[in-house]
Amino acid sequence: MLNNEVTVVVLCCKVYLQTSAISDLKTFICQHPIQWQQVYQLSTKHRVRPLVFQILSKLPAEVPADILQRFRAYCREFLLFAVDRHQEAARVVHLLAEQGIAARHYKGTDYALLLYRDIGMREFTDIDIVIDSDQADRVRAIMQAEGYEMYLEKYFRKYPAHFRRHIKEVNFGKRCPRGKRFSFEFHYRPTHGLMDLQYSFADLLGPDYLQRAYTAGDYYTLMVLNNGASDFFPHLRSLMDMILLYRKGPFSVPAALRPYELLWQQLAASLLGFKTEAAPAHDATYQLLADRLRHSRAGDSYTLLQQARVRLSLAADISAKWRITHRYLTYLLRPNANDINALPLPYFLYYFTKPVRLASNLLKVRK
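Numbering (UniProt numbering), first residue to last: 1 to 367.
Derived by calculation from the structure, the hints in this document are not laboratory data. Ideal placement from N, C-alpha and C gives every residue a C-beta, glycine not left out. Worth double-checking, as some hints may not be accurate.
Dumping the calculated SDA-like pairs for lysine to any residue here, alpha-carbon to alpha-carbon at most 20 Å [said to hold, decoys possible]:
1) K248 <-> D118
2) K45 <-> Q69
3) K354 <-> N338
4) K168 <-> Y328
5) K275 <-> Y246
6) K174 <-> E185
7) K45 <-> E77
8) K174 <-> H86
9) K174 <-> D126
10) K14 <-> D118
Distance ranges between label pairs, derived from CB positions [stated by the list, open to error]:
11) A61 <-> R334: 54 to 62 Å
12) F352 <-> R247: 47 to 55 Å
13) Q99 <-> T27: 56 to 64 Å
14) L152 <-> G206: 26 to 34 Å
15) L194 <-> F352: 19 to 27 Å
Using the sequences provided together with the hints, build the complete structure.
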C-alpha cells in the first residue's frame with residue numbers, strides 16, 4: 001500500500017496522464033493527512049516537480065501556499081536553466097560542426113519538447129550529445145578550450161583505448177552565468193560495461209544516426225534500453241517517459257529488449273493505471289522495482305548486487321547468465337579511475353593496488 005505522500009505524487013502523474021481525475025486527487029487530499037514537505041521531497045526524488053506543480057496548482061485551496069510557492073520557485077528557476085542549457089547545447093553542437101565533428105543533441109530539451117511540448121516540464125540535469133567514438137579526443141580539446149573541465153581526464157589521457165572500451169561517454173562541466181553548472185555527456189555508445197546487452201547507436205538507429213533528428217520511435221527504443229536495461233526504471237519520470245512515448249506508437253524493439261519493455265508496462269499498469277497488453281507480473285524482479293517506486297528509495301542508485309539480481313533474473317538462458325556473472329566479476333577485479341587517479345603506475349600494477357584501496361575504504365566505513 002502506498003503512503004499518503006507517495007499517493008499524492010502518483011495521483012498527480014495519473015491526472016497528467018488522464019488515467020485519473022483531478023477530483024480523485026482533491027478527495028484524497030481532503031480525506032487524508034498529508035506531510036507536504038515530504039510530497040516535495042518525493043517529487044524531487046521521482047524527478048517530476050514541474051508535472052506535480054502543474055497539477056497541484058489547480059487545487060490552491062487544498063494545498064498549502066508555502067508548498068505551492070516552493071514548487072513555483074523551483075520550476076521558474078529550472079525553466080531558466082533549461083533555456084540556458086538548450087542554447088548552450090546548440091552552441092556546442094554548432095561549434096563542433098564547424099570543426100568537422102558530427103554531433104547530435106540527445107534527450108534533454110529535445111526530448112522534453114517531443115514528449116511534453118515544453119522544455120520546462122521534464123526535469124533533467126546533464127546535456128547529452130551523441131558523437132562518434134573516434135572524435136572523443138578532438139571533443140576533449142575543443143571543450144577544454146571553451147573552459148570546460150573534463151572528468152576522469154587522467155584516466156582518458158593515460159589509457160585512451162582502455163577508457164573507450166569500458167566507459168561509454170566523456171563528461172565535462174563548468175559554471176554557467178546563473179551560478180549553476182553546465183554538465184555535458186558526449187556519448188559514443190548507448191550501453192555501459194555491466195549491461196548484458198551491448199549495442200551501438202548505429203545498431204539501434206541506423207548508420208545515419210548523427211545526421212538526422214530522432215523520432216518518437218527512435219527514442220522509444222533508446223529509452224527502453226536506457227531507462228530499463230541500464231537503470232531499471234528508477235523513478236516515476238522514467239515510467240512517464242515510456243508511457244508518453246508509447247502513446248505515439250506502436251513501436252517495436254529488438255527481441256532482447258522485450259523483457260524490459262514488458263517490465264515498464266507492468267509497472268505503469270500497477271502504479272499509474274496505464275493499461276497495455278502486458279500480463280500482470282508478480283515475480284521477484286517486478287516486486288523489487290515496484291517496491292522502490294512506492295517508497296522513498298525511488299531515484300537512489302541500485303546496489304551492485306541488486307543490478308546483478310535484476311539482470312540475472314531477466315537473462316534468456318544459462319549462457320546469458322554466465323556472461324552477466326563474468327561481467328560483474330571482471331568489473332570487481334578491474335582497476336578503475338579511482339585507482340588510476342591515486343597513483344601513477346603501469347596499468348598492470350593497479351591490479352595489486354586495487355585490493356588495498358578497497359580494504360582501506362571498507363575500514364573507513366566501519367569506523
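K14 paired with D118 [C-alpha distance capped at 20 Å]
OK: K14 and D118 at ~19 Å, within 20 Å.
Would you check the hint for K174 and E185, treating anything up to 20 Å between C-alpha atoms as holding?
Holds, because 12 Å separates the two Cα atoms, which is no more than 20 Å.
So the hint says 47 to 55 Å: do the beta-carbon atoms of F352 and R247 match that?
The hint (47 to 55 Å, Cβ to Cβ) holds, given that F352 and R247 are roughly 54 Å apart.
Check whether the Cα positions of K248 and D118 lie no farther apart than 20 Å.
17 Å, holds
Hinted pair, alpha-carbon criterion (20 Å max): K45, E77. Please report holds or violated.
Status holds; Cα separation ~18 Å.
Using the beta carbons of L152 and G206, state whether their distance is inside 26 to 34 Å or not.
About 30 Å separates the Cβ atoms of L152 and G206, which means 26 to 34 Å holds.
Sort out whether Y246 lies within 20 Å of K275, counting only the CA atoms.
Distance ~11 Å between K275 and Y246 Cα, so the pair holds.
F352 and L194 - C-beta distance against the hinted 19 to 27 Å
For L194 and F352 the Cβ distance comes to about 23 Å; the hint holds.
Is the hinted pair K168 and Y328 satisfied, with a Cα-Cα distance of at most 20 Å?
It holds: about 17 Å lies between the C-alpha atoms, which stays within 20 Å.
Need the status of pair K354, N338: alpha-carbon distance at most 20 Å?
9 Å, holds
Would the hint linking K45 and Q69 be met if the CA-CA limit is 20 Å?
Between K45 and Q69 the Cα gap is close to 19 Å, so the pair holds against 20 Å.
With the threshold set at 20 Å, check whether the alpha-carbon distance from K174 to H86 stays at or below it.
15 Å, holds
The structure agrees with every numbered hint stated previously.
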